[in-house]
Structures are given as C-alpha cells and as structure tokens.
Amino acid sequence: MSTADHAHHHELPWYRKYVFSTDHKVIAKQFMLSSLFFLFVGGAFALFIRWQLAYPGTPIPVIGSILPATWVTEPGSGIITPEFYAQLLTMHGSIMIFFVIIPFAVGMFGNFCIPLMIGTDDMALPRLNMWSFWLVPPAGLIMMAGFFTETGYAAAGWTSYPPLSAMTGLPTFTISGQTLWLISVFLVGFSSIMGAVNYVTTVLNKRAKGMKLFDMPLTVWALFITAIIVTLGTPVLAAGLAMLFMDNFLHTSFFLPDNLVTSSKYFGGGQPVLFQHVFWFYSHPAVYIMILPLMGVVSDVMATFSRKPIYGYKAMVFAIAGIAFLGFIVWGHHMFQSGMNPLLGTTFMLSTIVIAVPSSIKVFNWLGTLWRGNIKFTAAMLNALAFVSMFIIGGLSGVFMASAPVDIYIHDTYFIVAHIHYVLFGGSLFGIFAGIYYWYPKMFGKMLNESWGRKHFYWSFVTFNLTFFPMHILGVGGHMRRIYDPNVYDFLKGLGGVNEFVTISAIALGFSQLVLVFNVLWSLKFGKKAPRNPWRANTLEWAAPAHPGHGNFDTDITVYRGPYEYSVDGRELDYWPQWEEGKSISIHHHTVAVPESNDTRTFGAH
Amino acid sequence: MSNDHGKVLPSYMKVFATLCTLTLLTVGAAEFIHFGDLGPIPGYSINIFVGIVIAVVKVICVMYIFMHLKFDHPMLRFFVYVPVFLFFVMSFALNFLEKWTYTR
Amino acid sequence: MGDILHVLDMLAWFPENISTFGAELDSLFAIIYWVSVAIFFLTFGILGYFLVKYRYSPDRKGYNYHGNNIVEITWTILPTFLFAAIGLYSDDIWERTKYSKRVPTADVEILVLGKQFGWLFLYPGADGSFGRNAYNDRTARSLMSAMNPFGMDSTDPAGADDFVTENQFRVPVNSNVVVRGSSIDVLHSFFLPHARVKQDVVPGTWMNIWFNLFKTGKYELACAELCGGGHYAMRAEYQVMSKAGYDAWLDTKNAEVKAARSPQPAPAAPADTAAVASLR
Amino acid sequence: MSSALNLSHEPVTKVKHGKIAMWAFLASELMFFSGFFGTFIVLRNTNYEVFKHGAHELAWPLALLNTFILIGSSLTMAMAIYHLERHNNGKFRTYLGLTILGAFGFLIVKYFEYSAKWQHHLFPGQDEHTVFFSFYFLMTGFHAMHVVGGMIPMVYMFFKSYTKSAYPHPSKVETLGLYWHFVDLMWIFIFPALYLIFP
Ligand code: HEA
Ligand code: HEA
Ligand code: CUA
Ligand SMILES: [Cu+2]
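Chains as they are written, first to last, in our numbering: chain A, 1 to 606; chain B, 1 to 104; chain C, 1 to 280; chain D, 1 to 199.
Mixed in with the good hints, there may be bad ones.
Derived Cβ-Cβ restraints for the label pairs, each shown as a range [unchecked claim]:
hint, chain 1, residue 1, chain 2, residue 2, range
1, D, S171, A, L213, 23 to 33 Å
2, C, R261, A, T172, 37 to 47 Å
3, D, K91, B, F32, 36 to 46 Å
4, D, K91, B, L25, 53 to 63 Å
5, B, E31, C, V103, 40 to 50 Å
6, A, A69, C, Y89, 46 to 56 Å
7, A, K376, D, P153, 51 to 61 Å
8, A, L213, B, V56, 25 to 35 Å
9, C, T139, B, G28, 52 to 62 Å
10, A, L213, C, S27, 29 to 39 Å
Within a straight-line C-alpha distance of at most 35 Å, the following computed DSBU-like cross-link-like pairs (lysine-lysine) qualify [stated by the list, open to error]:
hint, chain 1, residue 1, chain 2, residue 2
11, D, K110, D, K52
12, C, K101, C, K215
13, A, K209, C, K101
14, D, K110, D, K14
15, A, K493, A, K376
16, D, K91, B, K14
17, A, K314, B, K70
18, B, K70, D, K14
19, D, K110, D, K160
20, A, K209, A, K29
21, A, K455, C, K61
22, D, K117, B, K70
23, C, K53, A, K529
24, D, K172, A, K17
Simulated from the structure, these hints should not be mistaken for laboratory data. Where a beta carbon is used, it is the ideal one built from N, C-alpha and C, also for glycine.
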C-alpha cells in the first residue's frame with residue numbers, strides 16, 4: 001500500500017513498514033486482519049456447537065470424517081465428545097471476546113480513529129503501540145496450542161470458574177489447555193493495558209490546535225473512556241488470572257476450599273466464589289469495553305448519514321461516562337445464583353437496573369438524531385441502525401436478568417446466550433461492520449462496494465435474528481447453556497425443533513460473513529479510488545489525504561468547531577468540517593453561520 | 001519541578017527520615033505492643049488499624065513528595081484517587097462473602 | 001397464524017410451575033416482558049417512522065438542532081422511575097426467596113451434594129435429625145471422602161438411620177423443603193426448572209435452598225453450571241408425593257437402612273460405605 | 001508530505017507523554033495489586049490462624065532490612081533525578097548506581113529468604129500453611145519481578161551515562177523514577193501485610 005505519499009519519506013525496510021510498523025494505521029489494519037481471522041475460527045467453533053445441539057449424536061457433515069481423533073467419540077465417527085463440546089464453547093467464547101471483539105473495537109478503531117480524529121500524526125508512544133499489537137497473535141497461538149496438550153483446549157467456559165479450571169486431576173507443573181488459556185488471556189490483557197495507556201495519553205496530550213475535549217467526536221470520547229476502563233479493570237483480571245494460574249499449575253489454593261474430595265493434594269483455605277468476584281470485576285466492565293467504542297462509532301455514522309448534529313452531544317458523553325462508572329459497581333449481577341451473599345444481590349440488582357438509564361439516554365438521543373434528518377441508507381448507516389435496534393433488544397433482555405428473582409430461573413439458560421449474542425453480535429459486531437464500511441475508504445484508499453455491502457447487511461441482519469431470537473424461547477423453556485445434549489432431559493424434549501431452526505439459520509449467518517471478506521478483498525483490488533471526503537463528513541480524519549501515509553495529514557490542522565455541524569443555516573453545503581475556518585453563533589440550540597466578510601467565504605473549499 | 005529549588009533536597013531527606021521512623025513504628029505496633037481487640041473477628045485488633053494508618057501516611061509521603069504529585073499537574077492525582085476508590089468498592093463487596101451468611 | 005403467535009408469545013414456553021413462589025417469579029417475568037414489549041414497539045415504532053419519514057431526498061436538508069435539556073431530563077427521569085419500580089418490586093421477591101433469614105422453618109430437611117457427575121441426597125431418616133456430618137459440624141469435614149462424601153460420623157448414634165440416595169429424591173407436597181447444598185469437587189448448580197429454583201453449590205460452603213411444591217408428580221433436577229464433560233448428563237429425578245405416600249416411602253427406606261445395618265460388618269467407615277452403595 | 005508540518009506539537013496538558021502514560025500504567029498497577037490485596041483480606045479473615053502461623057515462619061528482620069534498602073533506593077532515585085535535571089551528570093551517575101545497588105541488595109536478601117523457605121519446605125502445596133505461602137510467594141514474587149523490571153532500564157541508563165557525555169533524556173529517568181517509587185510503595189503495604197503479625 002505504499003503510494004506516492006511515502007515518496008518523501010526515507011524508505012523503511014519492508015518489515016518495518018508492514019510487520020513491525022509503528023504507524024497507527026498499519027497497526028489498525030493488523031488488528032483488523034487478525035480479528036477477521038479469529039472471527040472465522042471462533043465462528044467455525046460455533047457452527048460445530050450448533051450442529052451438535054440440533055442433531056445430537058449425528059456425525060458432523062462434510063468434515064466429520066477428518067476430525068482429529070481426540071475430538072470425536074471414535075476415530076472417523078464424526079460425532080464429537082462431551083469433553084470436546086466443553087472445549088468448543090470455551091474456545092468460541094474466549095476467541096470471540098478476547099481475540100475478535102476487543103481487538104476490533106479497541107485495537108482497530110482505537111488505533112485508526114484516535115490519531116486521525118484528533119488531528120495528529122501518530123500515537124503518543126508509537127513503539128508501545130506496536131507491541132500492544134504484537135502480543136495478540138502469539139497469545140492467540142498460545143490459546144490454540146491447547147490442542148496439543150493432553151487435555152485438549154481449555155474447557156471451563158470463557159469464565160473459567162475454579163475449581164474446574166484449577167484442574168484438580170493433574171499433577172503439579174503439568175501444562176494443560178487451561179494453563180495455556182490463562183497465559184494467553186494474561187498476555188492479551190497486558191496488550192490491552194499497553195494500548196489503553198497509550199490512548200489515554202494520546203487523547204489528553206496530542207489533540208490538534210484548538211480542539212477542546214468537548215470538540216472531540218463521540219468515537220474518540222468513547223474510546224478514551226473505554227481506555228480508562230481498560231486501564232483500571234484489566235489488571236484486576238490479570239491478578240485473578242495470576243492466582244488461578246498458581247492454583248492450576250503450582251497447586252496453591254487461593255480458590256480451592258478445604259476437603260475437596262477429588263484430590264488429596266490440596267490443603268484448602270481458599271474461596272471459589274472469590275475468583276468470580278475478581279473475574280467479573282473486570283469482565284463486566286469488559287462488556288462495556290466491547291460496546292462503548294461502537295456506540296461512539298455508531299453515533300458518528302448516524303450523524304453523518306442523517307446530516308444532523310448528534311442530538312444532545314454532551315448528554316451522550318455523560319452517558320458514556322456514566323455507563324463506564326456504573327459498569328464498575330454492577331459485576332455481581334453475574335453472580336446472583338453463585339452463592340454470593342443475597343444482600344449483595346440486592347445492591348447489585350439495584351445498581352444494574354440503574355445502568356439501564358444512561359443506556360436509554362443513548363438510545364433516545366440516537367432516535368433524536370434521526371428526527372428530521374435526511375437519512376441516507378448506505379451500508380454503514382444500515383449497520384449502525386442495526387446496532388441501535390439490536391442493542392435495544394439485547395439491552396431489554398439484560399433488564400430481565402438484572403432483576404435478581406427473574407434471574408433465578410433464566411440464569412445459565414439460553415436466555416443469557418440470546419442476550420450475549422444480541423449485545424455482542426447484534427451490538428458490537430454490527431457496530432464494527434458499520435465502522436469498517438465507514439472508514440474503509442480512509443483505511444485503504446478505495447471505496448468498498450456498496451451493493452455487496454448491502455447484501456452482506458441484509459443477509460446478516462435477517463439470519464442473525466432468525467438465529468438468536470429463538471434462543472430467548474429456548475431459555476424460557478429452561479434449556480441450560482453449555483450442555484452437550486439437551487435430549488437427556490424430558491422437559492427439553494419440546495425444544496428440538498427450535499434448536500434445529502437455530503442451527504440452520506446459524507449456518508446461513510456464518511456463510512453470510514464470507515460476503516464481507518469477499519467484499520473487503522475484492523474492493524482492495526478493484527474498488528473505486530476513494531475521494532478525500534467521500535461521505536462529506538466533518539471530523540478531522542477526512543481532512544487527511546485519501547490514503548494517508550505516515551504522518552497522516554498534508555496540511556496543518558486547526559479545529560474551529562465541534563464535530564457535528566451538519567446542515568448549518570447560512571451555508572450552502574450541508575456540512576461544516578471542523579478544520580474549516582468560519583464564524584457561527586448559536587441560537588436556541590441551532591448553529592447559524594455568520595459570514596465574516598464577503599471575501600473570506602471559503603465554502604466548498606473541497 | 002520548577003518549584004523552589006532550595007527546598008527540594010531537604011524535603012527528600014525529611015521524607016526519608018519519616019519513612020524510616022514510621023517503618024520502625026509499624027514493626028513496634030505489630031510485634032511488641034498490644035493495643036487491644038476490636039470486635040469479634042479474630043485478627044482485628046487496634047494494632048491493625050495503627051498499621052494501616054502508618055502505611056497510608058508513608059504512601060502519601062512517597063506519592064506527594066518523591067513522585068511529585070504535590071507539584072505536578074493536578075490531573076495526575078486522579079490516577080491515584082480512582083484506583084483507590086475502586087479498591088474500596090472491591091474490598092467492600094468481597095468481604096461480604098458467604099462464609100458468614102451460609103455456613104454456621 | 002396461531003402457531004406464529006404461539007412462537008412469539010414467550011410466556012407460553014415456560015415449563016409448568018409447581019412451586020409457591022414460582023408464580024410470583026413468573027409474573028415478575030411477565031411484567032418485565034410486557035414492559036419490554038411496550039418499549040420495543042415504542043422505540044422500533046419511532047425508529048421505523050423516522051426512517052421512512054426522513055429518508056433521503058435531495059431537496060431537503062437535515063435540521064441543525066443540538067438537543068434540548070428539558071427533553072434530555074425528561075427521558076432520563078421517566079426511565080429512572082420505571083426502572084426503580086421494577087427494582088424495588090423485584091427486591092421484595094428476591095428477599096423472600098433467597099435471604100437466609102427468610103428461609104422458612106423446615107418440614108423436611110435434606111442435604112444435597114453435587115459431584116462429577118451426579119447428585120447425592122442425605123435424608124435424616126427415622127429420627128428426623130441428622131447425625132454429625134460435614135454440614136452441621138465443621139470438624140467433621142475431615143471425614144469427607146469419595147466413600148463418605150457427607151462426612152458422616154459413624155460413631156454418632158443420631159446418624160445411624162441417615163440414608164443417602166443418588167440421583168433421585170422425594171419430597172412431600174405442600175411442605176417447606178429446606179435443602180442445604182454443597183459440592184465435593186467443582187461448582188454445580190441445583191436447578192429445578194419446574195420449581196423455579198436455582199442455586200449454585202460451592203465446595204466448602206453450604207447453601208440454603210428452599211421450596212414448597214404444590215403439585216405431585218415426577219420432575220427433573222438439572223445441573224446448570226458447567227462442571228466438566230459430563231455436565232449435560234448430571235441429571236436427577238425427583239418425585240413430589242402426597243404426604244402419606246412420602247411417609248410410606250420413608251418407612252421403607254428406614255427398614256432398608258435397618259436391614260443393611262443389622263449384619264454389623266465392621267464398625268466405622270465401612271458401614272457408611274455400605275449405606276452409600278446399597279441405597280441407590 | 002512536507003516535513004515542515006508540525007502536528008506533534010507541545011503536549012496539550014504540558015505534561016510529558018511518558019509521564020502521563022506512566023501514571024496511567026501505575027493506576028493500572030495499583031488495580032493489579034488491589035486484586036491481590038482484596039483477596040488477601042478476605043482469605044486472611046477466613047483463615048486467620050493459618051496466616052498467623054505462616055507469618056511466624058517469616059523473618060521480619062530480613063524484611064525490615066529490605067524495607068530500609070527500598071526506601072533508601074527510593075531516596076537515591078529521587079536524588080538522581082534531581083541532579084540530572086540540574087545537569088550534574090557525575091552525581092546523577094553516583095545516585096543511580098546507588099539505586100541499582102539497592103535493588104540488587106534487595107534481590108539478594110530476597111534470595112536468602114526464598115532459599116530458607118525452600119529448605120524448610122515452606123512453599124505452597126506442602127502443608128496446611130498453603131494459603132498463606134501462596135500469598136507470600138505471589139505478592140513478593142510479583143514485587144520482585146517489578147524490581148527486576150525496574151533494574152533493567154536503570155542499568156541501561158547507567159551505562160549510557162558513560163558512553164555519552166551525559167544521559168540525554170531526563171524525562172525518561174523521571175518516568176522510571178515514578179515506577180521505582182511505586183515499587184517502593186507496594187512494598188510499604190506488602191511488608192506489614194505479610195511479615196508482621198498483628199495480634
Ligand atoms: C456488549 C456486551 C454487553 C452489554 C452492553 C450488556 C449490557 C447489559 N447486560 Fe449483559 N452480558 C453480556 C454482555 C453485555 N451485556 C455477556 C457476554 C454476558 C454473559 C456472560 C457469561 O456468563 O458468559 C452478560 C450477562 C448479563 C447478566 C448475567 C446473567 C446471568 O448470567 O444470569 C446480566 C444480569 O443482570 C446482564 C445485564 C445487563 C444489563 C442490565 C445491561 C445493560 O447495560 C443494558 C442497557 C440497555 C437497555 C436497557 C436497552 C436500551 C434502553 C431503552 C430502549 C430505553 C428503555 C426505555 C424506557 C424504560 C422508557 N448481562
Ligand atoms: C462477539 C462474540 C460472539 C459472536 C460473534 C458469536 C457468534 C456466534 N455464536 Fe456465540 N458465544 C459468545 C460470543 C459470541 N458468539 C460467548 C461469549 C459465548 C459464551 C461462551 C461460554 O459459555 O463460555 C457464546 C456461546 C454460544 C453458544 C452457547 C454454547 C453453550 O452454552 O453450549 C452458542 C450456541 O448456539 C453460540 C452460537 C453462536 C453462533 C451460531 C454464532 C454465529 O454468529 C457465528 C457466525 C459464524 C461466523 C462468523 C464464521 C463463519 C465461518 C465459516 C463460514 C466457515 C465455516 C467453516 C467450517 C464450519 C469449518 N455461541
Ligand atoms: Cu454439575 Cu454441571
Ligand atoms: Cu455484566
């Protein structure tokens with residue numbers, strides 16, 4: 001991708017340019033590449049899961065006969081074992097969360113958007129940034145290397161609760177899939193922290209001339225606040241993982257109680273529930289790590305394509321901050337049935353319900369943004385709208401579980417699985433798609449094919465809902481999550497049809513994602529050349545050349561106004577970039593352009 | 001750092017001396033003197049609070065003088081305040097463990 | 001059409017409720033469900049309306065408007081009230097179902113242990129009270145072993161008639177059943193779908209679980225917390241019996257215990273072993 | 001791309017990038033140790049007797065010595081920064097050298113402590129002291145790793161100050177200093193928590 005932009009630079013060797021690059025845009029692309037790869041790995045695991053649930057005990061079609069012997073009941077049978085099923089769901093959850101959504105949301109958008117959108121040349125600490133990416137692929141490989149251990153992949157769920165994850169059966173100093181899982185997540189955690197420290201510094205210190213904090217686009221705000229959550233939350237997980245690692249590998253007993261019957265090696269004294277506290281202290285904020293950046297992205301996309309300012313920009317910022325703060329005091333809602341003190345259940349239930357308030361502020365402000373807009377349904381906009389609508393559904397199912405007594409019944413059922421996927425796929429992943437469609441021109445200098453983009457959207461959107469909505473029904477029917485074969489239970493007998501339906505839709509959903517990959521690759525080669533500001537948007541990244549090189553901008557950047565001045569009265573154009581000079585006044589929440597004098601009118605400079 | 005230069009070195013020495021004294025005091029408060037018990041939980045004597053207070057004073061000295069929090073941009077203090085707040089939130093919840101509610 | 005409506009009516013998919021507080025939980029679910037449905041149609045309605053009404057037209061401009069604090073405050077406060085109401089109402093039920101001090105006096109008390117992969121139940125037997133075991137005496141926990149998972153002290157005469165069942169239990173109808181649950185290896189979750197009961201059991205602690213079932217019949221107990229490969233099959237059955245039937249069952253059980261003990265093989269641990277093995 | 005373009009202007013907050021990043025990282029470190037201390041408090045409450053006996057096995061005089069060493073090296077670090085900022089390269093080198101020595105001394109004492117524990121079979125999985133010694137090795141182990149982590153750049157800077165006429169990046173030393181004080185700070189909590197027995 002070396003274009004003429006690089007000509008003035010002294011040439012870097014190829015590996016410094018594409019592999020160990022310190023350019024934030026290259027790092028963003030690297031994150032994108034690795035996340036897309038892992039999306040397919042994790043997705044493939046999901047399709048195994050689905051097959052097993054719909055047709056328990058029948059061989060996996062097509063590839064069944066070539067599956068490794070440790071995965072199947074007997075070599076060549078193609079029927080997966082219960083143990084492997086546990087490994088599947090663990091790897092599916094862990095990969096999707098730690099290697100797809102977080103790297104996409106924080107790694108890719110953080111790297112790509114922050115420096116460009118605040119008008120600077122690179123991150124504050126580019127080299128640290130490089131390392132924050134280069135921890136991810138090794139970590140992924142370490143997690144996948146569980147395959148080669150005696151026990152196979154980690155198999156205690158992505159939550160890896162002890163004592164199960166402390167693997168009481170193995171002797172000391174035995175590496176199991178679980179051990180590797182712990183190491184791997186520790187590494188991605190460290191990578192996240194390095195990235196986040198960098199984002200915080202960059203946002204605080206490197207904003208372009210004239211850019212106040214409240215002139216930042218919501219994407220940057222969201223990423224900034226997300227980075228704060230990462231800095232404060234992730235280390236707590238790291239502490240928990242370190243302790244669990246010692247339990248697992250050295251047979252200490254932080255989380256192992258006295259008198260475990262299965263093993264004589266332990267001397268106990270620990271508390272299993274303690275790990276859950278430590279884990280969720282990170283992992284609840286982590287779900288907001290996974291959604292807040294996309295909330296920012298979606299806000300930007302929606303403002304651009306409805307040609308309107310964000311409704312209640314400041315309220316949006318405060319809502320993000322509010323979600324981030326509250327996110328730290330609600331972790332116990334994952335533990336209502338864990339044996340935690342029920343008194344804490346009350347506290348956590350109330351705080352969890354409160355967190356729905358800033359979320360509703362965001363939803364209503366998005367609706368307000370659409371109100372009296374001039375809405376263009378580009379692929380990016382469609383995905384952003386999908387984000388909003390699917391987040392509403394996913395969030396509302398969150399309110400069910402937030403109510404502790406309701407959670408008694410639906411905890412650890414498919415109702416939770418439905419919630420997860422509505423917020424993580426319907427929310428985060430559609431938000432990520434929106435971001436990819438929106439910024440692809442700036443990333444690669446080529447326009448993404450719109451019509452394939454829309455096809456991908458419609459197919460995904462429909463099959464997504466067909467896949468995951470019925471899971472609510474499974475949940476209400478009492479279908480537990482993480483079970484290998486629902487037919488063992490009489491009360492689940494009536495749900496077989498639903499399971500089958502879900503699986504068929506899931507396969508369609510999986511194959512729809514191939515369209516995205518096809519589109520991304522095809523457009524890279526055959527896409528139209530992108531103009532500088534294809535969406536006629538206001539934020540600073542569009543001031544950069546169509547395919548910016550190292551250093552990003554070719555003009556000096558000064559910021560004159562907020563990021564969302566669309567359709568300002570008194571201007572011919574319906575947008576007013578942040579970097580364009582000009583005076584305006586604000587009357588009753590409207591912005592009106594004031595011509596300074598006739599000769600300085602620079603409308604339509606682009 | 002652009003504060004009055006003459007005072008910096010002496011203040012370092014003062015902090016050093018304070019830290020050393022307080023360290024000795026902690027050892028004394030833990031190993032040699034017993035101030036009395038506090039409530040029914042074993043291991044909760046007044047000594048432990050003395051120990052915690054001393055540690056906190058020491059830490060404040062280090063952070064404000066050695067680490068320049070006192071002189072630097074006030075924003076930097078939030079990098080300490082927020083984690084400390086979260087630590088309290090976490091410890092509070094963690095100590096509600098069921099040990100005392102479910103088991104007799 | 002009716003089928004489609006059935007599919008979409010989520011409330012119809014619940015398994016039949018058989019416990020006293022289950023109806024309350026279900027109705028709370030229903031309340032939140034209908035509130036959600038309302039919010040869903042409200043927000044999606046507005047969304048759809050805006051998308052159609054304000055779709056792109058080249059001769060129209062967007063409306064430059066930055067938002068309004070009064071509106072902002074309104075739609076902050078309204079949901080707050082709604083959610084606060086849900087929260088407070090929920091808490092009431094939560095306290096009644098889970099708070100330790102609200103556990104009712106037991107008509108029947110059972111101990112339950114989860115293990116990989118099955119459930120063990122300990123009944124107090126003829127005398128209606130447990131002997132010394134891992135639940136009622138911390139020091140007895142050192143007796144816990146694979147052969148004697150409940151840590152029963154065979155020297156305690158009160159425990160001589162305690163009996164163990166595996167993967168099935170029985171309870172009388174219309175009585176307060178209090179179950180103290182724990183685990184001997186990893187986390188499990190004691191899930192009675194029809195009774196709307198779920199409680200993780202944690203090794204090292206004993207959980208209070210209670211329910212009062214009003215309908216007789218055979219139902220299932222599931223494990224709802226991932227506990228290894230066999231998690232899916234960690235199933236048990238329970239029978240809710242009429243009071244008379246339950247007493248009769250207890251009597252036969254007690255007779256069996258007596259019979260098993262009468263040969264008096266060796267004292268101490270083996271006796272417990274026999275009890276476990278024979279009383280499946 | 002013209003090189004006259006200056007987008008990486010003076011930091012907006014006037015605080016150096018490295019310093020903000022280090023403080024953010026220290027916030028993160030504080031949370032990391034918070035995780036340990038949070039669990040420590042809980043398990044100490046529920047296993048008080050074990051912790052008491054465990055602490056009896058530890059040699060607090062050695063730890064006291066280590067405390068003084070760390071406080072001292074914190075002081076010398078602060079002095080080193082002070083002198084580097086005043087372009088006093090010789091004194092900077094001396095104090096930095098002293099700091100390195102302190103760190104090294106700390107590790108030596110630690111080595112003696114650990115080997116004594118090893119010989120007495122006082123490590124996790126050995127007897128009923130497991131929980132306590134789990135914490136002992138966890139916390140002091142991570143702390144020692146932090147000490148090592150601090151020593152590496154210190155040694156690097158120390159030798160750089162010979163090869164060049166003076167070490168050219170006072171702000172980097174200051175940033176490292178923050179880290180080093182943090183290591184001291186964590187020890188201030190770990191020392192009483194583990195070694196001293198509060199009755
Ligand atoms: C991106 C990820 C994400 C997001 C954003 C959320 C958001 C929320 N989550 Fe979710 N959650 C997960 C990811 C996420 N969650 C995951 C992965 C798990 C499972 C982990 C595991 O066990 O494996 C989980 C599990 C989970 C549980 C535990 C369930 C259990 O295991 O028993 C709970 C319980 O309270 C919960 C609650 C909530 C709530 C209240 C929100 C709220 O933030 C939602 C707020 C949004 C709304 C409320 C909708 C929008 C508002 C309106 C439309 C306005 C309404 C209008 C009026 C009232 C007028 N979540
Ligand atoms: C962002 C996160 C994310 C995403 C995108 C997904 C995507 C999907 N998830 Fe998953 N899921 C989780 C996060 C996610 N999931 C988490 C956190 C859990 C909890 C784990 C736990 O319990 O610990 C979970 C659990 C989970 C379960 C419950 C398992 C159980 O409890 O037993 C199920 C079951 O249906 C499921 C299904 C799916 C499906 C069908 C998809 C589909 O959307 C996938 C779509 C497919 C693709 C995008 C790839 C397409 C690939 C191909 C076309 C190649 C085909 C090749 C071959 C088959 C070889 N997921
Ligand atoms: Cu036991 Cu799952
Ligand atoms: Cu949560």
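Hint-by-hint comparison with the structure:
1. D:S171 to A:L213: 23 to 33 Å: Check passed, 24 Å falls within 23 to 33 Å.
2. C:R261 to A:T172: 37 to 47 Å: holds (42 Å)
3. D:K91 to B:F32: 36 to 46 Å: At roughly 40 Å between Cβ atoms, F32 of chain B and K91 of chain D fall inside 36 to 46 Å, so the hint holds.
4. D:K91 to B:L25: 53 to 63 Å: violated (32 Å)
5. B:E31 to C:V103: 40 to 50 Å: Once the Cβ atoms are compared, 45 Å apart, the range 40 to 50 Å for V103 of chain C and E31 of chain B holds.
6. A:A69 to C:Y89: 46 to 56 Å: Roughly 54 Å apart at Cβ, these two residues keep to the hinted range, so it holds.
7. A:K376 to D:P153: 51 to 61 Å: Taking Cβ atoms as reference, K376 of chain A and P153 of chain D lie about 53 Å apart, which means the hint holds.
8. A:L213 to B:V56: 25 to 35 Å: holds (32 Å)
9. C:T139 to B:G28: 52 to 62 Å: Violated - the Cβ-Cβ distance for T139 of chain C and G28 of chain B, about 37 Å, lies outside 52 to 62 Å.
10. A:L213 to C:S27: 29 to 39 Å: About 47 Å separates the Cβ atoms of L213 of chain A and S27 of chain C, which means 29 to 39 Å is violated.
11. D:K110 to D:K52: holds (21 Å)
12. C:K101 to C:K215: holds (26 Å)
13. A:K209 to C:K101: This hinted pair is violated, its Cα atoms lying about 62 Å apart.
14. D:K110 to D:K14: violated (40 Å)
15. A:K493 to A:K376: violated (47 Å)
16. D:K91 to B:K14: holds (20 Å)
17. A:K314 to B:K70: This hinted pair holds, its Cα atoms lying about 32 Å apart.
18. B:K70 to D:K14: Holds: K70 of chain B and K14 of chain D sit about 16 Å apart, inside 35 Å.
19. D:K110 to D:K160: holds (28 Å)
20. A:K209 to A:K29: Holds. K209 of chain A to K29 of chain A sits at ~27 Å (cutoff 35 Å).
21. A:K455 to C:K61: holds (28 Å)
22. D:K117 to B:K70: Status violated; Cα separation ~41 Å.
23. C:K53 to A:K529: holds (33 Å)
24. D:K172 to A:K17: holds (27 Å)
Violated hints, in rising order: 4, 9, 10, 13, 14, 15, 22; the structure is consistent with all others.
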